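Here is how the chains run, residue by residue.
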Amino acid sequence: MRITAPLLLAAIALGAPAAPASPDQAALFSEATRIARDARTKEELAEAIARYERILATGLRNGYVEYNLGNAYFRTGDAGRALLHWRRAERLLPGDPQIARNIDFARTRALDKFETESAADVLAVVCFWHAWPLETRWHGALLFFTCLWACLALRLRRRVWTLTAGACACGIVACALGVSAGVTMRRDALAPPAVITAEQTVVRQGNYEESEPVFTGPVHSGTEVLIIDDTRGPWVRVEFPNKKDGWVRRETVERI
Amino acid sequence: MRYALLACLAAAAPLQAALQVQATAEPARIYVGQIFEFKIAVSGGELAEAPELPKGPYAASPMGTASQLYIVNGRRSQTVTYTWRIQPRQEGTLTIPALALKDASGREHRTQPVSVTVAAADKDPLFFLEISGPERTIYPEQEFQVALTIYAACLKPPNAARDPFPTDRGGRAVWPALSIPWLDGVEGLLSEDRDAFIQRLNPQARGAGFTINRLQLRTGFFFDSTLALFALPRTKVSRAGPDGVVRDYFAYTLTRSFRGKDYGEFPIGAVVAEGYILFDGPSEIEYRKVYTVSRAVAAAVSPPPQTGRPASFSGAVGSFRARADAAPLNVRVGDPIVLTLAIDGQGTFDHIAPPALSEQAGFEKFKVYDQPTAEAITDPHDKTRVVGKRFVYRIRPAETGIDEIPAIEFSFFDPALEKYVTARTEPIPLSVEEGKTLLAEDIVTPKTQEGPRGTKLEATGRGIAADYDRIEALVPQTPFTPWGLPFFFLGVLPPLLYAAGAGALAAHRRLNADPVRRRARRAFARAHAGLAAARQALAAGAAAAFYPALAEAASGFVADRLNLPEHGVTSAELAARLAAAGVQDALISATVAFLDRCDAARFSPGGVAADAMQRDYARAQEILRELRRAL
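Chains A and B are the protein sequences, given in the same order.
Under my numbering, think of the first position of the first sequence as 1, with each following residue one higher.
Under my numbering, think of the first position of the second sequence as 1, with each following residue one higher.
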């Protein structure tokens, strides 16, 4: 009873619905969706964007608002900020098909194409689950981890090969998913993902304007990068999908 | 000897597999205008390329290729036969020379020369055929007629109105039989449906008429059929015969229309008539056998002329109309517009290429994708009949101020007029605003016209999904964190539970592993069971069973706790072991006294009172409790 009660309370708290948005937030959201729906001009879309951003400025974190904001930005032609907010929405609503579709679409339209190493391609095929959402991998790892212990517990009473095999299988899957999720979490912690939001920017070898450019041309809005050094004032060191890195102005990139 | 045999077999093997070519013609004797088939059979291999006939005094049209596979005694062989229909243009001996054909390895093989005797047709002045065909080169879709006229000399009065053909003994008229090779159509030409053409000739089962190609007519009784008789239209003319003598003739005519389809020269075979005719003899009407062949005709179909060919000519030959539709008509710069060009009319639609809009006047203000989707327009009542073709373009206005989609020019060659005609669609009014939304073309999917039925539609995979507008969705959300309750319940709790369970199980097994300790642990349970048996005996008033049960419970408990033998332990031994175990003397004395009391009561000849038994039971409980504390 002493253990059961806190667990029960925790379970109830976990399943309890979150507090609804305030009336002001709801009104802003309705207004913004209506304006966005009827918008025919860039200025009208800007009004919708302003309202969505006011909602977020109140401290509300909501994937649907981020998603709609991304849509509005995309319609104004700002593919970088659109992708930024869709990626933020994806973090709050992992697995949402509309968000995933928009992100895929935005990636197909990215102006900058980077060639990845063939070894990375092979790894992506072999470790196919690494492309799954982080939440899916993590919860999958936990589930198989639980199954592993269940098999081991049953095996204490009765040693049969099926339980041994089951435990091994669950252990392998849990390990694969867990390691994959761990790698992603560590990468996100060390090198948080970001998006180039400036229309275009030159990536430089060093953190000063006179430094030589890394690429033959500027990178454009919507390019996804990883921030690997965020401690140099107005300059940020970013890594590109082809593992090349360089420095860009802080205002040209936004962390997801 | 053995090596010689092997050498022979080795030499024979290639001979079996060697390529062989053979040319044949059938029939070997024909009349001028008739058609024979020329075949080249290739066996034992393949030619590097299909054979071609050299030019000569004949019209030849290829009939295609047939392939036959033979397996004899497990040996597989294949023969490929190339066939031509050849119509000689002159009488005499037509020789098709040896053809040099190369196989895949470049080795040359020669056919043997093939000769066909072409005899001049009989020139009977009383019965002859005339045929007229296209007198000059025609164009695809251009119609021409092949007219066959059968001239039969009229009899003299009083039989002048009678058809000059005999009757058999049953009184039935026997007219000549016609063999018309183009009844089933002509390769490379379009013509009316065969059955419809025959029905138009009004075949009869009875009466009088020519037979054609030995066509049968069902008479309606089961499967009975009879030769169809064709009473062709008859007129009386006076003209000169083949011999130059002017006579009265009955002219029977048969006409069939053709249209050009493919480019080339296509022989239209000569007609053969065979039968009997009547003629005026010196004294009476006589009859005689006739066999006559008409002149041969051929149709040469040529492509539309180069002269006067407009730039927008799309390869269409026929008579067409063009119309255009577009949607949407209120757009911004860069917005896509679906422009549909529909072409219908009379002609062949297979080879109509889509007009290149980017090269047409007025479309320089648009971004045009010149690779439209094409689909056939079919007759709503007959889906197999193609009545037009539709091209669906995507265009985008490149600037403001455009007020219309210009007329689209579609040029075709009209074979009836024998000249090129350019059809123009009506301009479509259009409103183009300034493009205020960047990349709008990727966001806005225009409403297109309803797709044609049966067209396979594929997802474009373009554009973004709709906004969310449910207020209920506006709740605070937190990003994913790995260290939440799921981690506690699924990641931490299971190993802890497993560890606890495994530890308990191990302790349990360890305890059960020592029989002495297991016996000592179960001592009180056994004593309790003994007391229960004593309680039952007490309730039954059976002293003989009561006291042994009590003694068993007490002594058994001590024996289990101190690992003594189950039976045969005396009171003195018991006292000594209890003392060794550190039990107080008072309890030892009480226990020994109680056991002695049980022995005495068990063997008491006068029995024991019920209240004494009750007291002894209570005493046993008390002693067991004390012993449990002490041991």
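It is worth saying that the hints were derived from the structure and are not from the lab.
All values derive from a computational prediction rather than experimental measurement.
Check the hints yourself; a few may be wrong.
Rough simulated footprint, nothing fancy, chain B against chain A, three-plus residues with beta-carbon under 8 Å [as the list claims (entries may be wrong)]: (1) 61-71; (2) 136-142; (3) 146-156.
Where is the CB? At the ideal position from N, CA and C, for every residue including glycine.
So, going through the hints one by one against the coordinates:
1. 61-71: holds (count 8)
2. 136-142: Holds, because 3 residues of the segment 136-142 of chain A bring their Cβ atoms closer than 8 Å to Cβ atoms of chain B.
3. 146-156: holds (count 7)
Taken one by one, the earlier hints all hold for this structure without exception.
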